[in-house]
Amino acid sequence: MKHLLSINDIDKEFAITILDTAAEMAKVTEGPVKKLPTLRGKTVVNLFAEDSTRTRISFEAAAKRLSADVINFTAKGSSISKGESLKDTAQTLQALGADAVVMRHPASGAAHRLAQGKWINGSVINAGDGTHEHPSQALLDAYTIRKHLAGGTGDLAGLHVVIVGDILHSRVARSNVLLLTKLGAKVTLVAPPTLLPHQVEQWPVKVSYDFNSVLPTVDAVIMLRIQQERMSDLYFPSEREYSTLFGIDAERLSLTKPGSILMHPGPMNRGLEISAEAADSEQSVVVEQVANGVSIRMAILYLFIAGSQESVNG
Amino acid sequence: MGKSILITGGSIEGGVTSDLLIRDGVIVEIAPNISQEADEVIDASGLVLLPGFVDLHTHLREPGRENSETIATGSLAAARGGYVAVSAMANTLPVADNAAIVEQVASIGSQVGLVDVFPIGAVTKGLEGHELADLGSMAHSKARVRVFSDDGNCVSDPLMMRRALEYVKQFDGVIAQHAQDPRLTEGSQMNEGILSSTLGLKGWPAVAEESIIARDILLANMVGARLHICHVTTAGGVEIIRWAKKQGMQVTAEVTPHHLLLTDESASSYDPIFKVNPPLRTQSDVDALREGLADGTIDIVGTDHAPHPVESKECEWQNAAFGMVGLETAFPILFSTLIATGRISWKRAIEVMSSAPARIAGYENHGKALAVGEPAHIAVVDPKGTLKVDRALLASKSKNTPFHGMEFQGRVVATVFNGILTHRAEARSVSHE
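These protein sequences, in sequence, are chains A and B. When we follow the working numbering, the leftmost residue of the first sequence carries the number 1, and every step to the right adds one. When we follow the working numbering, the leftmost residue of the second sequence carries the number 1, and every step to the right adds one.
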């Protein structure tokens, strides 16, 4: 497998391999020497055509811990902001000898175009494309859920995960629905009908408009960021109403089972989709998600670039 | 002049086999075994002679976007496709919203001389939807415009649409509506359905098209005006038009070859060669469009030939231009999907490709049956021939065909326009000429 464009590119077995590899990577990074020589001599380009802080630095940290050379290419001040086409950017990266391009892009399918355009030879890792997918986020979410609720091994069979918020525009939700169901979890989406995709009933999920009714059976809650401009686009009447119906606070969190976890891909809008109390509660694993993100991205880079199953410590 | 062409042994309009002699741009004899000498002889045994095709929906891009297409290259593409008349859409730069531009387009068209180029006038100035364009002066210009359209944009303001429909009645004009509610399609990228949800591309709901179709049918009926619906794409739209026709309302409708063949599944590749306005819909929509064309609900095939340069398609889906070229592949697609399968007869094919578009647009010299005394506009087609589409071989200046590599049955082997041979395939082989 060369590219990671969509969760559809990986089967259940390989998804578990990624999670297992990430667990090995986590052990390494907990040790005294946080670096592996695995990708020495390889060049990883972080091509971020859309603003991102945590995903970019997470991939950067992951690549550096695997000893790869990292080139950061961000939208602001780069040729992309000067109107350079994706093709020309890709050919530039090819000329630089990129072994992998980690791309964040505002256009859905941009990673597919990069991978299928025959403009570059290296691997393409989708770090979020428009409102399509964000595979590494879903993998780190699955990793986090597995670690807390499935003993850190195997799949997620029997677990119930609820994803709450702007499903319509969320690449995190799309990748998570595909991955979590692939791993055997039951997924419920909670959102106002305006923020659910058309024909969502054909997705392998349950849908509810009543957050409270779902909470007692849930093992993990994934809150999605609600963007301020959605209100002006008529998706809901007011932030206050959204927060009341679909936000999570301490009171709502108390409806969940003991041991359940609260997640958010960040950045959070405290006071909108998540209250400060909930975000900072014992059930919140938001900060841990960031750390797990580095391990997952190390696993992805290792498996997709090194391309072999040699020992992580080798 | 005085040039003559003898076409021997072809099936006339899919019926009897006969020879056909053309002199001075006119069909002078149709009979078995015509023994007269001619300047040019075409052996049409096994081939079918059809009235030359008329396209009511063509983007020739000139003036202003000559990097995509010119009237000359578009005319040649049309001739290759069996067309003898095209209708140049108004969304040029500057917009064809006044007599000067439409006369210029018509004049260049006649200088090129490969097809009749009939300019379509804009409905509103600059296609902006705020003020009526110079409808009367375009109608009374040398270009004699009868079809008006803001195509590319919808005349979305209902009052503007009412006024336009009423106003063009004075010269028996027709408004060709691009039915797309702009508010429901802000930023839309593809058909709204399970695929748009999965692909994360902003959906373009069927209702955005159907609501305008319904509204405009009611408006046109109220004011007693002629309405033509461009590129219908949805089963619901077909149903509304079927209902309107049953009520005896004056409405005509068009379908493109690509909407008769392709579905939104194509978007899964994120290759914007499949990005088009209105978008490709679902298989059930395709089925309804074919049924509508067969049963007369949809009157014509219009190509919506929309050339774009390479860079407009070699990019991310959402940044790509809408549209695909279609003049050179229209007949093979119609043949493969509907004629070869027995869904429509040669008679119906002639209606949808030639006589009905000519009637709707008022092109008096076109769409006539092949008969002695009529203008010699003829498409000679080979029902057994195949066309393997190679974008590099298209006559169109732009190569944005979604059909590259696809093979179709039914091939246009020769086109006669006003008694002039404007296209002749080299050989009756399987390869593209």
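Mixed in with the good hints, there may be bad ones.
No farther apart than 25 Å at their CA atoms in a straight line, the calculated lysine to aspartate or glutamate pairs in the DMTMM-like style are these [unchecked claim]:
id, chain 1, residue 1, chain 2, residue 2
1, B, K368, B, D24
2, B, K202, A, E84
3, A, K2, B, E265
4, A, K87, B, E13
5, A, K206, A, D249
6, B, K3, B, E13
The set of hints was computed from the structure by calculation and includes no laboratory data.
Here is how each hint holds up against the structure:
1. B:K368 / B:D24: holds, 17 Å
2. B:K202 / A:E84: holds, 24 Å
3. A:K2 / B:E265: Given pair K2 of chain A, E265 of chain B holds - Cα atoms ~24 Å apart, limit 25 Å.
4. A:K87 / B:E13: violated, 48 Å
5. A:K206 / A:D249: Distance ~23 Å between K206 of chain A and D249 of chain A Cα, so the pair holds.
6. B:K3 / B:E13: holds, 23 Å
Violation of the numbered hints given earlier is confined to hint 4; every other hint is satisfied by the structure.
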